[in-house]
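Colleague: Got chain V; can you put chain B on it based on the hints?
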Amino acid sequence: MTASSRISVVVADDHPVYRAGLIRMLATRPEFEVVAELEDGRAALEAIARLRPDVAVLDIGMPRMAGIEVVRSLRTRDVHVPVLLLTGSAGSHSLYDALAAGAAGYILKTAQPQDIIDAVAALARGEVRLPEDMHAALAADIRAREHGPGRSVLADREREVLGLTADGLSAAEIAQHLHLGLPTIRSHLQNAYQKLEVSDRAAAVAKALRLGLID
Amino acid sequence: MSATAPQACLNVMLVDDHPAIRTGLEVLLQTQGMRVVGAAENAEQGLRLYDAERPDVVVVDFNLGQEYGTDLADSIVELDPGAKVLVYTGAPDSETRERVSRSGARGLAHKSGDVCDLTLAIRTLASSPG
Numbered sequence: 073m074t075a076s077s078r079i080s081v082v083v084a085d086d087h088p089v090y091r092a093g094l095i096r097m098l099a100t101r102p103e104f105e106v107v108a109e110l111e112d113g114r115a116a117l118e119a120i121a122r123l124r125p126d127v128a129v130l131d132i133g134m135p136r137m138a139g140i141e142v143v144r145s146l147r148t149r150d151v152h153v154p155v156l157l158l159t160g161s162a163g164s165h166s167l168y169d170a171l172a173a174g175a176a177g178y179i180l181k182t183a184q185p186q187d188i189i190d191a192v193a194a195l196a197r198g199e200v201r202l203p204e205d206m207h208a209a210l211a212a213d214i215r216a217r218e219h220g221p222g223r224s225v226l227a228d229r230e231r232e233v234l235g236l237t238a239d240g241l242s243a244a245e246i247a248q249h250l251h252l253g254l255p256t257i258r259s260h261l262q263n264a265y266q267k268l269e270v271s272d273r274a275a276a277v278a279k280a281l282r283l284g285l286i287d
Numbered sequence: 390m391s392a393t394a395p396q397a398c399l400n401v402m403l404v405d406d407h408p409a410i411r412t413g414l415e416v417l418l419q420t421q422g423m424r425v426v427g428a429a430e431n432a433e434q435g436l437r438l439y440d441a442e443r444p445d446v447v448v449v450d451f452n453l454g455q456e457y458g459t460d461l462a463d464s465i466v467e468l469d470p471g472a473k474v475l476v477y478t479g480a481p482d483s484e485t486r487e488r489v490s491r492s493g494a495r496g497l498a499h500k501s502g503d504v505c506d507l508t509l510a511i512r513t514l515a516s517s518p519g
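In the order they appear, the protein sequences are chains V and B. The numbers in our numbering rise by one with no breaks, and the one at position 165 of the first sequence is 237. The numbers in our numbering rise by one with no breaks, and the one at position 4 of the second sequence is 393.
Any given hint might turn out to be false.
From the structure, some residues in chain B lie toward chain V, with a derived Cβ separation under 10 Å [to be verified]:
hint, residue
1, V426
2, D440
3, P481
Covered stretches of chain B (in silico footprint by chain V; criterion: 3 or more residues with CB under 8 Å from a CB of chain V, positions within the stretch not fixed) [claimed, not checked]:
hint, region
4, 400-408
5, 428-435
6, 499-508
Because the hints were derived from the structure by calculation, they are not lab data. A quick note: this is a predicted structure, and the numbers were derived from the prediction, not measured. Where is the CB? At the ideal position from N, CA and C, for every residue including glycine.
Just chain V, with the same shape it has in the complex (with noise of 0.2 Å):
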């Protein structure tokens, strides 16, 4: 296989055991190269608009700025490069949003291995792939947005944490409450305020309170 046969990827997670294992998944495979490894959202958007790989590979949950954000931001600069974004449950981020924002494919982390290697060469061949077991979340997100504009605004974990913070919980409290990690509330904290366009926790609790969005 020549080199310009091969299909580049730019691999972008700020888990660095999860970003090994990954591409020692993709390494597998001769017919793809990983010509990029980023740990957040912003040298990922940087790397992809430099390097023009076949398909970018990201995390989700990323700091600095979320996968979703980079799909956009590459969309406003015109680089067309196909996106699978990566996130750690089905329900946790809108799928609807990711897909609105211009990502190709959408995969679970705990996918097998063979389904994200299918999943990127699919990407690399200008194919969409959203994994069969994730319809019903797509489906639940499309009826939501049918049913009144606002409470889809926030995906349902987006919406839980924020409830929970408007009730007085600090974040803390709320990955304990949830048995979720800290990181992970503050991940859903930071989508939530973004969605919202309000920059701290207070506005994004009176602004949610304000459209319904919580109760």
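Modeller: Okay, now just chain B, sitting in the frame of chain V:
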């Protein structure tokens, strides 16, 4: 700490239900000079693998799907009271810490920490008395 044991090539076994994490840990521990003798994706496989390989240290994910890694730690220690099991977890809350301290596991390492922290924890555990 013994003068010879810490630098010996350690045999490490992994148990994690997450394929990419298993692969990533394997890659990173190998780069630190450790020998990964096997990786299992659930408690049942993990116990069988331990029995077959008897590694120096076992790294077990706290959340093994529907099971707790601490339950596997207990099973391994029941099989081999000298087993050295390290539980690997995301940001540990008080319940996680309590479960780990009550279990047969000898230590807790954070997934969000630097990989060097994990390798240090493995080496420290390996050189501790059996």
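Colleague: The structure should be examined with respect to each hint, and the outcome stated for every one.
Modeller: Structure-based check of all given hints:
The criterion of a C-beta within 10 Å of any C-beta in chain V is not met by V426 of chain B, whose closest approach is roughly 17 Å, and the hint is violated. Taking 10 Å as the C-beta contact cut-off toward chain V, the hint placing D440 of chain B at the interface is violated, the least distance being around 26 Å. Proximity of P481 of chain B to chain V holds as hinted, the smallest CB-CB distance being about 9 Å (cut-off 10 Å). Residues of the region 400-408 of chain B with a Cβ under 8 Å from some Cβ of chain V number 3, which satisfies the need for three, so the listed coverage holds.
Using a Cβ-Cβ cut-off of 8 Å, 0 residues of the region 428-435 of chain B lie near chain V, which falls short of the minimum of three, so the contact claim is violated. Counting residues of the region 499-508 of chain B whose CB lies closer than 8 Å to any CB of chain V gives 4, which reaches the minimum of 3, so the coverage claim holds.
In this structure, the hints that do not hold are numbers 1, 2, 5, in rising order.
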